[in-house]
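Participant: Below are the chains, spelled out letter by letter.
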Amino acid sequence: MDVFLQTVVAGVLKGGLYTLIGIGMTLIMGVMGIINLAHGQLMMLAMYVTFVLNTMGVDPYVSLFVAMPLLFLLGVVIQKFLLNPLIKVETILPENQVLMTVGIGMVLTEIARFVFSSDYKYITTDYSNRTFYLGKISFSVALTIAFGIALVFTAAMFWFLLKTDLGRSIRATAQDKDAATLMGVNTGRITVITFGLGSGLVAAAGCLLAPVYYIFPDIGGPFTAKAFIITILGGLGSTVGAIFGGVTLGLAESLGATYLGMEYEDIVGLTIFILVLLFLPGGFKRLTKV
Amino acid sequence: MLKVSGIDVFYGDLQVLWDVSFVVRDKEIVVLVGANGAGKSTTLKTISGLLKPRKGSIEFDGVRLDHLAPDRVIGQGVVHVPEARRLFREMSVEENLIMGSLSPEAKKKRYETMDWVYQLFPRMKERRKQPAGTMSGGEQQMCAIGRGLMALPKILMFDEPSLGLSPILVQEVFEIAKRINKEGVTVMLVEQNVRQTLAMCDRAYVLENGRVVLEGTGKDLTNNAHVKEAYLGI
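Chains as they are written, first to last, in my numbering: chain A, 1 to 290; chain B, 1 to 234.
Rather than coming from a laboratory, the hints here were simulated on the basis of the structure.
Since we're looking at a predicted model, the values are computed, not measured.
Every residue, glycine too, gets a C-beta built ideally from N, C-alpha and C.
Warning: the hint list may mix true and false statements.
To be verified - Here are the simulated EDC-like pairs of lysine to aspartate or glutamate, each with C-alpha atoms no more than 20 Å apart in a straight line:
(1) A:Lys177 <-> B:Glu208
(2) B:Lys154 <-> B:Glu126
(3) A:Lys163 <-> B:Glu90
(4) A:Lys88 <-> B:Glu95
(5) A:Lys177 <-> A:Glu95
(6) A:Lys88 <-> A:Asp165
(7) B:Lys109 <-> A:Asp165
(8) B:Lys52 <-> A:Asp165
(9) A:Lys177 <-> B:Glu95
(10) B:Lys129 <-> A:Asp178
(11) B:Lys108 <-> A:Glu95
(12) B:Lys52 <-> B:Glu105
(13) B:Lys182 <-> B:Asp66
(14) B:Lys55 <-> B:Glu208
(15) A:Lys163 <-> B:Asp13
(16) A:Lys163 <-> B:Glu94
(17) B:Lys154 <-> B:Asp19
(18) A:Lys177 <-> B:Glu183
(19) A:Lys88 <-> B:Asp66
(20) B:Lys107 <-> A:Asp165
(21) B:Lys182 <-> B:Asp202
To be verified - Some, not all, of what chain B presents toward chain A, calculated at C-beta under 8 Å:
(22) Pro70
(23) Pro82
(24) Glu90
(25) Ile98
(26) Leu102
(27) Ser103
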């Protein structure tokens with residue numbers, strides 16, 4: 001029983017981070033209708049930002065406030081100068097924005113390899129390996145803090161989307177672009193802001209992950225895949241779904257690692273992904289109808 | 001005053017409007033009637049900037065609308081209630097209304113205007129927390145009109161508001177258009193429902209195959225031989 005509870009706790013904590021990754025992807029999916037296949041690579045950049053700042057003695061949780069605005073700006077630049085121009089060319093299908101994100105992801109990876117080499121880097125903080133106990137269940141200090149911060153950011157994001165005019169405009173653009181334009185929403189600007197927000201959120205996940213994970217240029221790919229899985233699990237474009245998707249993936253990986261073995265961690269996530277695609281296309285959104 | 005002068009509009013290489021001109025004067029109710037595919041919706045979309053004319057101009061109170069970005073048109077007081085409602089389906093009625101009042105002036109009076117809209121449509125007040133997409137067609141039309149009113153329009157353009165509604169509701173929607181007009185808002189209606197709209201309007205234009213073929217007061221057109229034969233089935 002203790003092992004099971006321990007596994008669930010570890011899974012939920014990881015799920016918090018996955019939620020942060022998934023919400024960013026979901027926002028971009030909802031507004032632009034495309035999957036951002038450079039999502040994990042943006043997180044990788046944020047991890048390197050954290051790493052560089054850490055060599056200067058900055059704590060990863062402080063570098064959060066540097067990496068997020070930086071990645072927000074990078075997201076804005078990517079959307080404005082690389083993705084939006086593609087829509088204006090009539091001979092190019094809008095779907096080709098997806099191919100563009102693949103290219104962006106590759107370029108980011110190779111730049112990171114060029115600057116930092118392929119070596120694994122890691123950040124050691126005095127809390128990286130520390131744990132505390134509630135009863136017999138151990139909690140990783142770093143992951144618990146990460147979970148708390150992820151929770152705060154997720155709540156803030158929901159408040160922003162539900163209660164501010166800009167947030168409403170983002171949702172309106174996702175639901176009906178032309179109608180949003182008629183209401184006076186500059187939808188081009190909304191896509192730029194949304195990509196920036198998505199990048200900023202995944203940057204936060206990168207900073208929070210940095211103290212407990214290795215940092216290397218190719219880390220982006222697997223996390224892009226995870227973000228994709230979370231988005232599909234939650235139902236494309238559903239922000240509430242992204243929370244379910246994130247926690248489900250975290251739990252699945254954690255349970256897989258405990259009961260099947262560490263090397264099966266990713267297989268469990270991917271298996272669930274395929275099962276959902278086969279038997280519940282539309283994701284968890286179909287069950288809740290939200 | 002809205003003044004459309006000689007606009008040519010294309011979808012890609014396909015020309016849909018040919019040299020279309022008309023005016024809507026302040027406080028008037030003007031209808032643009034015509035069959036399916038005559039170019040009525042295209043005309044409205046061009047006025048509200050979703051489409052750009054290749055030739056001609058569109059002026060409202062001296063401002064060239066065709067030179068504005070599409071999201072800036074509503075700020076001039078030119079508000080388009082689109083065909084098939086186009087509500088934000090997953091948002092509540094109240095949020096849909098809020099989306100109508102994004103411009104700084106409209107935002108300042110947001111909750112005042114909302115009270116007025118709720119007075120006009122008491123049903124919307126009852127349903128204010130309900131997702132707009134789950135309401136009936138008539139209620140959705142009320143919500144779409146309400147959303148348009150939230151922008152404090154000088155001219156409100158309705159694109160086929162009677163589409164998919166029962167005869168009683170159609171009557172109600174036209175009554176609402178008249179009431180809004182009485183409150184000082186210029187009204188432009190685009191309709192296939194020729195008989196009823198000609199009876200309620202000040203002036204009307206008939207659009208056929210992308211060209212304005214007839215214009216006149218509602219009464220004149222009702223008695224016009226061509227209109228009688230082609231649209232009224234007499």
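Participant: For every hint, state whether the structure bears it out.
Facilitator: Verification of the hints:
1. For the hint pairing lysine 177 (chain A) with glutamate 208 (chain B), the CA-to-CA distance comes to about 29 Å; that exceeds 20 Å, so the pair is violated.
2. The straight-line distance between the Cα atoms of lysine 154 (chain B) and glutamate 126 (chain B) is roughly 27 Å, outside the 20 Å bound, and the hint therefore fails.
3. Using a Cα cut-off of 20 Å, the hinted pair lysine 163 (chain A) and glutamate 90 (chain B) holds, with the two alpha carbons roughly 15 Å apart.
4. About 31 Å separates the Cα atoms of lysine 88 (chain A) and glutamate 95 (chain B), which puts this hinted pair outside 20 Å; it is violated.
5. Distance hint between lysine 177 (chain A) and glutamate 95 (chain A) is fulfilled; the C-alpha atoms sit about 17 Å from each other, no more than 20 Å.
6. A C-alpha spacing of about 27 Å is found between lysine 88 (chain A) and aspartate 165 (chain A), which places the hinted pair above 20 Å, so the restraint is violated.
7. A threshold of 20 Å between alpha carbons decides the hint, and for lysine 109 (chain B) with aspartate 165 (chain A) the separation of about 15 Å falls inside it, so the pair holds.
8. Note on lysine 52 (chain B) and aspartate 165 (chain A): the hinted pairing is violated, with a Cα-Cα distance of about 28 Å set against a maximum of 20 Å.
9. Restraint check for lysine 177 (chain A) and glutamate 95 (chain B): satisfied, since their Cα atoms lie roughly 16 Å apart, inside the 20 Å limit.
10. A hinted pair counts as satisfied when its Cα atoms are at most 20 Å apart, and lysine 129 (chain B) with aspartate 178 (chain A) does not qualify at roughly 24 Å.
11. For the suggested pair lysine 108 (chain B) and glutamate 95 (chain A), the alpha carbons sit about 40 Å apart, so the restraint of at most 20 Å is broken.
12. Our distance criterion of 20 Å between C-alpha atoms is broken by lysine 52 (chain B) and glutamate 105 (chain B), whose separation comes to about 26 Å.
13. Our distance criterion of 20 Å between C-alpha atoms is broken by lysine 182 (chain B) and aspartate 66 (chain B), whose separation comes to about 28 Å.
14. A hinted pair counts as satisfied when its Cα atoms are at most 20 Å apart, and lysine 55 (chain B) with glutamate 208 (chain B) qualifies at roughly 19 Å.
15. For the given pair, lysine 163 (chain A) sits about 43 Å from aspartate 13 (chain B) by alpha-carbon distance, which is inconsistent with the 20 Å threshold.
16. Of the pairs offered as hints, the one joining lysine 163 (chain A) and glutamate 94 (chain B) holds, with about 12 Å between alpha carbons and a cut-off of 20 Å not exceeded.
17. Of the pairs offered as hints, the one joining lysine 154 (chain B) and aspartate 19 (chain B) is violated, with about 25 Å between alpha carbons and a cut-off of 20 Å exceeded.
18. Restraint check for lysine 177 (chain A) and glutamate 183 (chain B): the C-alpha separation of about 30 Å exceeds 20 Å, so the hint is violated.
19. Simply put, lysine 88 (chain A) and aspartate 66 (chain B) have alpha-carbon atoms about 19 Å apart, close enough for the 20 Å limit, and the pair holds.
20. At most 20 Å may separate the alpha-carbon atoms for a hinted pair to count; lysine 107 (chain B) and aspartate 165 (chain A) meet this at roughly 10 Å.
21. Simply put, lysine 182 (chain B) and aspartate 202 (chain B) have alpha-carbon atoms about 13 Å apart, close enough for the 20 Å limit, and the pair holds.
22. Hint status for proline 70 (chain B) relative to chain A: holds, with the closest Cβ pair at about 5 Å, below 8 Å.
23. Because the smallest distance between the Cβ of proline 82 (chain B) and any Cβ of chain A comes to about 6 Å, under 8 Å, the interface hint for this residue holds.
24. With 8 Å as the threshold, the beta carbon of glutamate 90 (chain B) comes within range of chain A, its nearest partner Cβ sitting at about 6 Å, so the hint holds.
25. For isoleucine 98 (chain B), the interface hint holds, the least distance from its beta-carbon to any beta-carbon of chain A being 6 Å, beneath 8 Å.
26. At a threshold of 8 Å, the smallest CB-CB gap from leucine 102 (chain B) to chain A is about 5 Å, leaving the interface hint in force.
27. Taking 8 Å as the C-beta contact cut-off toward chain A, the hint placing serine 103 (chain B) at the interface holds, the least distance being around 6 Å.
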